[in-house]
Every structure is written in structure tokens, then in C-alpha cells.
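Using the hints provided, position chains B and C relative to the given structure of chain A.
These protein sequences, in sequence, are chains A, B and C.
Each step along the first sequence adds one to the number in the numbering used here, with nothing skipped, and position 481 is 481.
Heads up: take any position in the second sequence, counting from 1, add 637, and you land on the numbering used here.
Heads up: take any position in the third sequence, counting from 1, add 807, and you land on the numbering used here.
Honestly, I wouldn't trust all of these hints.
Claimed, not checked - Straight-line alpha carbon distances no greater than 20 Å define the calculated SDA-like cross-link-like pairs of lysine to any residue that follow:
hint, chain 1, residue 1, chain 2, residue 2
1, B, Lys720, C, Asn901
2, B, Lys804, C, Asn901
3, C, Lys911, A, Ile602
4, A, Lys534, A, Thr463
5, B, Lys720, C, Ala904
6, A, Lys393, A, His381
7, A, Lys607, A, Tyr617
8, B, Lys803, C, Phe859
9, A, Lys207, A, Phe70
10, B, Lys803, C, Leu812
11, B, Lys728, A, Leu565
12, A, Lys176, A, Ile252
13, A, Lys535, A, Phe455
14, B, Lys754, C, Phe859
15, B, Lys728, A, Glu613
16, A, Lys466, A, His381
17, B, Lys722, A, Lys466
18, A, Lys534, A, Leu523
19, B, Lys754, C, Leu812
20, B, Lys720, C, Asn903
21, A, Lys393, A, Leu403
22, B, Lys777, B, His766
As the list claims (entries may be wrong) - Counterexamples of contact, computed for chain A against chain B with all Cβ distances above 10 Å:
hint, residue
23, Ile20
24, Phe24
25, Val32
26, Phe56
27, Phe57
28, Leu67
29, Pro169
30, Phe179
31, Glu206
32, His291
33, Ile297
34, Lys535
35, Arg585
36, Lys607
37, Leu633
What the hints assert, rightly or not - Here are the computed distance ranges between Cβ atoms for each label pair:
hint, chain 1, residue 1, chain 2, residue 2, range
38, C, Gln867, B, Lys664, 38 to 46 Å
39, B, His719, A, Gly637, 43 to 51 Å
40, A, Gly590, B, Arg723, 43 to 51 Å
The set of hints was computed from the structure by calculation and includes no laboratory data.
Don't be surprised by glycine CBs; every beta carbon is placed ideally from N, CA and C.
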Amino acid sequence: MTDYSYTLLIPFIPFVVFLITGLFGNRWKPIVSGLMGTVGLAISFLLSLIVAYQYFFASAVDSYQALIPFNWLWLSLTDTLQMQMGVLLDPISVMMLVVVTTISFMVHIYSLGYMKGERGFERFYAFLSLFTFSMLGLVMSTNIFEMFVFYELVGACSYLLIGFYYEKPSAIAAMKKAFIVTRFADLGFLIGILILSFYTNTFDFEKLTQPGSDIYRNLAGLSFMGISALSWAMGLVFMGAAGKSAMFPFHIWLPDAMEGPTPVSALIHAATMVVAGVFTVARMFPVYYFHTPDVLIFIGYVGGFTSLFAAIIAITQNDIKRILAYSTLSQIGYMMVGLGISGYGGEAGLGYMAAMFHLFTHAMFKALLFLTAGAIIHAVHSNFMQDMGGLRKYLPVTHLTYLAAALAISGIPPFAGFFSKDEILAAAYHSNKLLFYTEYITAGITSFYIFRLYFGVFWGKNTQYKHKPHEAPLSMTIPLIFLALASTFVGFIPFHNLISPDMKPFTTEPEPMLITASVLIGLLGIAGAWVLYKKENDIPDRLSRWFGGLYTITYHKFYIDEIYLFITKNILFNMVARPVAWFDRHIVDGTMMGIGSVTVAISKKIKRFQSGELQQYAFVYVAGVILFVLTFLYYLG
Amino acid sequence: MTLPVFMFYLISATILLFSVMTIASRKMLRSAIYLLFVLIATSGFYFLLNYQFLAGVQLTLYAGGIVVLIIFSILLTSHISHKFKRPSTWKLWMGLTVLVIGSATALWVILLQPFSKDPALKTVPVTMHLIGNQLLGLGKNGYVLPFELISILLIAAMIAAIVVAKKESN
Amino acid sequence: MIQGLSIYHFLVVSTLMFFIGITGFIIRQNLITILLSVELILNSVVINFLVFNRFLYPDQLQGHFFSLFIIGIAAAEASVAVALIINIYRRIRNINADNVNEMKF
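Bound-form chain A, shown alone (with noise of 0.2 Å):
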């Protein structure tokens, strides 16, 4: 047995870089609290990547063991129902490691060019530390409960780096719209964990998934409103990771969150913690498989149907961190449904496996996309797609990585995107044809918008800009070209000897139409946008004037935020918060006033006997008299 203690190192430096930084960073120069963080985070990636080796490769077997180096007893609530605090080192959580610790590495310099000379440069990176330490956390959890506070640290942290800028007031209302939307989703998750862990009496993951246990029995005969509880606590958990990764109907707040520095954008919001959700998913993936298939298939349309949605959104937007934000959307779309079409055991795994390999994939080229945008708007000053044109001559790094990033989201061979797409779609053809043709439409739909947006920035018009634009410094340019070199070719890791439902290694046979297919559509997306957007024309208002109200819908993301505001304002305030408020002003707070003003009146009353009355003493006095020589007299005669 190889020793994995030292695990714990990775979560653990970067909380205390947090710790160091955050308490004594306004001590000294801003770049050392960007320094100490980088390198502690080399190390956490460094020690990863060791675990990774370790674990798949150096260890010779031929199924993977879920291991546990550490279990610590944190708060028994019964003596079998504990809560505790540990390591878990699986498939996918080893992998996640590697995918956090890599793009944080990566932010880490790229924020040491980005954020330079900005007030709060040690804040930005305590916080970054902090996140980071999170998501490790949440991706090593041993039990659900610990899963779910990391969940709430991650938001915290989320909610602390969209509002960095915190004198902007969109940013603030962006940052209190991500953390009430995902604490609300965490409400369905937390009630969840309670139905579940009540009746199996148990939190851990390794009990809880074990397909064949027995403690399910409890929940076999309940059921409320005509589905069983089970799926009511699967269910209510898959609404938590909703939340997390952003599925409608709680999508809202990840456009908005870009409000955040464009690194936030690039970690938090593409890479890792929007996929938590699927994480969460496929951590219970054999409790729905077994137990509940029907929330799992309603996971897969549910992600089915967000990432059309967002694709479509997509086409319209102009600002590019907003583009980006919708097709994050749209591609953890892609992973909820590899992870909800998917089977158990053998080839039938595959959606999982793809779901997990695009969710590695993805991180890599939509981080890199998010920094190509970081550059553009850091040598352009502005995020509109109006403002730019022509940057392919001023910015010849930032294009060629931009233009890896695309190809590979267009999923075009032999870029990483190719990969991972094919197989969630070869599995969605062979389980599900209604999602297979929505991802088909949507992989369409994803090459022209990206490209779109490549074009319009690169070509496109030439627009004079008033300072030239100049190529971003080193330290954004290194992790462009790092993060460009993944997308291309971490495609060829044979992930199906690494990731599935139950740990073993399967193969597949790849199935040439469907690669030609899927390549094609590709394809076809990217001439779209050529003859759209790589010349200046007029084409794209045309189509918009003839697509007229379609185009102003969806222009307008289809009206939701409207819609929320209307139920939050309308709905929720006047109906429910405004007669709570009556009832809590005059009938709680009125009894407390009611009970102190009784009392005054009743002290008003007594304190007349001290009225200074010579006379009424009197009185009193001689009637005390005559009353004590009367009872005396009862009681004695």
C-alpha cells in the first residue's frame, strides 16, 4: 500500500497561504502575497500530479480502490450517524485535483500580469487561495455532509470574488444574486442530505454508494405526492448541484457573475466550481443508476435543455465574457447529460466516462478562452465585441491560443474538444435520441457562436483604436500558451482506462459515421460564421431584422431575469414578506410593548400609595392596626 498522506498537503497549502496573506498581506508589497501564492499553489499542483501518477499508473491494478488516508470524527449525531472530516482519493476525484490545481496554477500567474497595480492585489490572492482550498476540499470529501460545506465555502468564496469590485453597484448586485441563487439550490441540497441520511442512517459516500447495500430498505415503501422519497432526496440533491452549475431554472447568476476580474471568471466560473454540480452527480452516480433512473434521466434532459437554451443565447450577446459565461452553460449542459444517459458497468459507462473527460477538457479550453477575453479586454479596455476588430495584427499570441481554444470547443480532431464531445454523443445516439439530436443542434450551434466571436475580434472591420493595442506581458502569455497546449492534446489521455461508474477500465469501439457526423456540424458551424463575420457586412442585420421579434427575445435572454424580478418584487415581497413583517411589528413586537406597558400601568396604580398624604398614612396605619387586632381575635377566639 503506497502512503497517500501527504494529500492532505494540497488542500491545506493554500489555506494557510490564505491564512498568511489574508491576516499580514497589507504588511508588505502586494507581488509577495502574489508570489507566496503562486508558489503554493505550484506545489499543491506539483503534489498532484504525483497523486495522479501514483494512483492510475504506478499502482498496478485492475480496478481502482476508493481509498481513505484520513478520517477524522467531527460530530457524532447518533452512534452510527457521524459526521466526519476526511480524503478521498478515487478516479474522479484524483482527476478533479489535477483539473483544480492546474487552472489555479495557471490563474495564479496570469493574475500576477493581470491585477497588477490594482487596489486589493493581496485580497484578490488570499481569496484565490481560499477558493482554492475549497474546492480541493469539496473534491476530497469523504462524506456528503462535508461535501455540502465545502459547497457553501466555495459560494462564500464565489460571492467574495464577484463583488471585488465592490464600489461598482452592478457588481455588488451581481454578487448578492449569485450567493442568495446557489444558497437557495443549497436549501434543496441540505433537506435532501437530511431525508437521505435519516433513513439510511449514514453520510459516508463509500456506504452510500455501494451498489448492492442493503441500506435502502428504509426508504422502500415511503413515498409523498405520489414519488417515493428516495427521489425526492436524489431529487432535492440534484437541485444543490443545479444551483452550482448553473442549470436553469438557476442559471441566473453566472452571466452576471462576470462582473467578477476576468481570472475569477476563468477559475471559478469555467473550470471548477460551476462543475461541482456535475461532480456531486457523478459522486452519487450509483445511487441514481440503481435506485432512482428516473431523476437521472431528468437530470439529462434538464441539461439537454439548458445548454440548447444557452447556445441559442449565445448567438446574440455582445459582450464576451457574456458569450463565454453562456456557452460554460451550455457545455455543463453536455456533461449533465453524458452523466444522465449513462449506464453501469462495461461499455453501458460511457456517458459517464465522456461526461468526465469533457468536464477535464473543458476546464482546459474554456479557462484558456476566458484569459484569451482577459487579454483582449485588457489591450482593448472595453468588453464589447463592437469596440474590436481586426486584432489578429496587434495580438498574435492571444490569436493563435484563442484560435486553439475555438477548435477545440467546435470539437474539430485533433484538438481535445473533439474527443470528449464525440464520445457524450456516441453514448446520447445509442440511449437517447431526443438529447443525442439537441446536443447535435447544440454542437452546431456552439461552433458558430465561438466563431462568431472570433471573427468579429480578430477580423472582422478594422477598427482604429485610439492606443494601440499591445500584447499582453509574459505572465498572462505563459498560461495562455500552457492552457493552449492542453487543449490540444490532453485529447489523447485514454480516459477510459481511468474514469468509470465502477472503477474498472472498459473499451469502446469508436464508430466512424458518428465521428464524420459530429465533425461536420462542426464544420458547418465555423463557415456560418466565416461568411457572416470574417468580412465587415451586413448580413448579421439583416438576419436580425428578419428574425425581428425572435431576435429581440432572445436578445434579451428570453426575459428571465425579467421574470424572477416580477416574482421576487410582486410575488414574494408583498404576499410573503410584507404580512410576515406586519405580524412581526405589531403582534411580536406588541406584546413586548403590551407586556411593558401593562406593567407602567400597574406600577402607576401601586405607586399612589406613596402619595405623601399625611392623612391617607394615617389612615392606613390605624386600618393596619385594626386588621391585625381582628385576626388576632378570629384566630384566638
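Chains B and C alone, transformed into the frame defined by chain A:
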């Protein structure tokens, strides 16, 4: 009916009548004069009980000293012809309640109590010689200590009266 | 001893005078008239002591001397009371019992 009994009834009627009029009169000087009559009648009681010395003291101190003092204060502080209002109703009720219930209780207790005198005790004639000896006597029945104490009290009362009543020097 | 008169006769008179004095204390409005009622009370107490001395303990003079002292004390108290009344009159120009109620809540 012998003379003492007749005198007793006369004097007690006087006392009770005039004390009621003291408290019920609406002119202040008249109240003081009715009190004077009560005190004189009380000294009649003392004569009846064969305490001549005390009757004299009563007439001198009480009737002659205290009532004169009170009349002085009346003259100093108010209009002599000032007519009082009737007392307020609730005060009247308070007072009358106390009067009726209190006197009923006390009389009931007293009249049911069997006061018995030890027949072996012989009456001592109260002469000035006896009073003087006992007042300043040191023996078993001597009252020299209370005598001295009351003289201190009288000095204290004198000083208090002077201090309290003197004009503030501005 | 007096023929035909028992202790009860005298005690009834003194009791009634006592309670009349208390009633006067409660009813009257003017401080001086309250003082008069107090003198009535003290007077009744003096009668009580003497009556007990004469009828129950005729061989001693304790009640007699006690009455003497009570009369002396009554005189002292009346003089102090009058001094107080004069002081109050100087402050508030009238001597109603209702106007001297400052030691209250």
C-alpha cells in the same frame, strides 16, 4: 344616684360632645376652644379619681400651656375668621369607617375582658409628700431617671422649636 | 373606689375619645387642627393610665407618674409641632395638609 356617678355622666357627656365638636367645627379658633373645654373636663375626671395633683398639672400644662400655644400658632398662621370647606367625601368615609370599626373592635375587646383586682391590695393615699419622694427617689419605686430624661427631652424640644422656627438669615 | 362606677365606664369614654381623635386626624384639612386631634388622642391615653392605676393597682403609683410624663412629652411635642407649622407657613403661605406632600414617588 349618688353624686359621683352623676358627675361622672356629666363630665363624660361634656368630653364626648366637645371632642366631636372639636373635630367637626369649621372655624379653627372654635376648635381650639372646644379642645380647651375637653381638657378642663378631663381634669374633672382626675378629681373624681382622687388624683388631685395630676388634675392640677393637667389644668396648668395642658389647658393652660398647650392650648395657649396652639392659639398663638393659629394667630400667627392664618386668618382667624377663615371658614373651612367640608372635608372631601372619601376622607370622610375613611375617617368614619375607622371610627366605627375601630371603636367597635376596641370596645368589644375591653368589655369582654374580666378586669380583676387583687383584693389584698390596699389603696394608698396619694399625698404630695409621697409624690415628691417617689419622683426623686432612688429606691424601688424611684422615678429619678425618667425625671432626668424628660428634662433632657424638654431642653431638646426647646432648642428644636427655636431652631426650626427661626427666620432664615439672608 | 367609687360606688357604682366600674372600670368599664371610664374605659369606654377614653376609647371613644381615642377614636374620635383618630377620625379628626384623618378628616381635618389644616395642620393645626390635626395637631388638636393628636392632643385628643394623647389625652385619652392619659385617662387610661390613671384608670388602670386606680382600679387595678391602687397600692402603686406607676400609672400616675407615667401620666405625668406623658403630659410633659405632649407639651414638648406640641411646641415642636407648632414650630414646624410656622416654618411651613413661612415657605408656602398656607398650612393645608394636601400641600405638604412632597415626599412621594
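Consistency of the hints with the structure:
{"no.": "1", "hint": "B:Lys720 x C:Asn901", "verdict": "holds, 14 Å"}
{"no.": "2", "hint": "B:Lys804 x C:Asn901", "verdict": "holds, 17 Å"}
{"no.": "3", "hint": "C:Lys911 x A:Ile602", "verdict": "holds, 17 Å"}
{"no.": "4", "hint": "A:Lys534 x A:Thr463", "verdict": "holds, 14 Å"}
{"no.": "5", "hint": "B:Lys720 x C:Ala904", "verdict": "holds, 16 Å"}
{"no.": "6", "hint": "A:Lys393 x A:His381", "verdict": "holds, 17 Å"}
{"no.": "7", "hint": "A:Lys607 x A:Tyr617", "verdict": "holds, 13 Å"}
{"no.": "8", "hint": "B:Lys803 x C:Phe859", "verdict": "violated, 42 Å"}
{"no.": "9", "hint": "A:Lys207 x A:Phe70", "verdict": "holds, 16 Å"}
{"no.": "10", "hint": "B:Lys803 x C:Leu812", "verdict": "violated, 50 Å"}
{"no.": "11", "hint": "B:Lys728 x A:Leu565", "verdict": "violated, 72 Å"}
{"no.": "12", "hint": "A:Lys176 x A:Ile252", "verdict": "holds, 12 Å"}
{"no.": "13", "hint": "A:Lys535 x A:Phe455", "verdict": "holds, 8 Å"}
{"no.": "14", "hint": "B:Lys754 x C:Phe859", "verdict": "holds, 10 Å"}
{"no.": "15", "hint": "B:Lys728 x A:Glu613", "verdict": "holds, 11 Å"}
{"no.": "16", "hint": "A:Lys466 x A:His381", "verdict": "holds, 11 Å"}
{"no.": "17", "hint": "B:Lys722 x A:Lys466", "verdict": "violated, 103 Å"}
{"no.": "18", "hint": "A:Lys534 x A:Leu523", "verdict": "holds, 15 Å"}
{"no.": "19", "hint": "B:Lys754 x C:Leu812", "verdict": "holds, 14 Å"}
{"no.": "20", "hint": "B:Lys720 x C:Asn903", "verdict": "holds, 13 Å"}
{"no.": "21", "hint": "A:Lys393 x A:Leu403", "verdict": "holds, 14 Å"}
{"no.": "22", "hint": "B:Lys777 x B:His766", "verdict": "holds, 16 Å"}
{"no.": "23", "hint": "Ile20", "verdict": "holds, 78 Å"}
{"no.": "24", "hint": "Phe24", "verdict": "holds, 73 Å"}
{"no.": "25", "hint": "Val32", "verdict": "holds, 81 Å"}
{"no.": "26", "hint": "Phe56", "verdict": "holds, 101 Å"}
{"no.": "27", "hint": "Phe57", "verdict": "holds, 105 Å"}
{"no.": "28", "hint": "Leu67", "verdict": "holds, 93 Å"}
{"no.": "29", "hint": "Pro169", "verdict": "holds, 70 Å"}
{"no.": "30", "hint": "Phe179", "verdict": "holds, 69 Å"}
{"no.": "31", "hint": "Glu206", "verdict": "holds, 86 Å"}
{"no.": "32", "hint": "His291", "verdict": "holds, 84 Å"}
{"no.": "33", "hint": "Ile297", "verdict": "holds, 88 Å"}
{"no.": "34", "hint": "Lys535", "verdict": "holds, 107 Å"}
{"no.": "35", "hint": "Arg585", "verdict": "holds, 43 Å"}
{"no.": "36", "hint": "Lys607", "verdict": "holds, 18 Å"}
{"no.": "37", "hint": "Leu633", "verdict": "violated, 7 Å"}
{"no.": "38", "hint": "C:Gln867 x B:Lys664: 38 to 46 Å", "verdict": "holds, 44 Å"}
{"no.": "39", "hint": "B:His719 x A:Gly637: 43 to 51 Å", "verdict": "holds, 48 Å"}
{"no.": "40", "hint": "A:Gly590 x B:Arg723: 43 to 51 Å", "verdict": "holds, 47 Å"}
In terms of the numbered hints stated before, the structure departs from hints 8, 10, 11, 17, 37, listed from lowest to highest.
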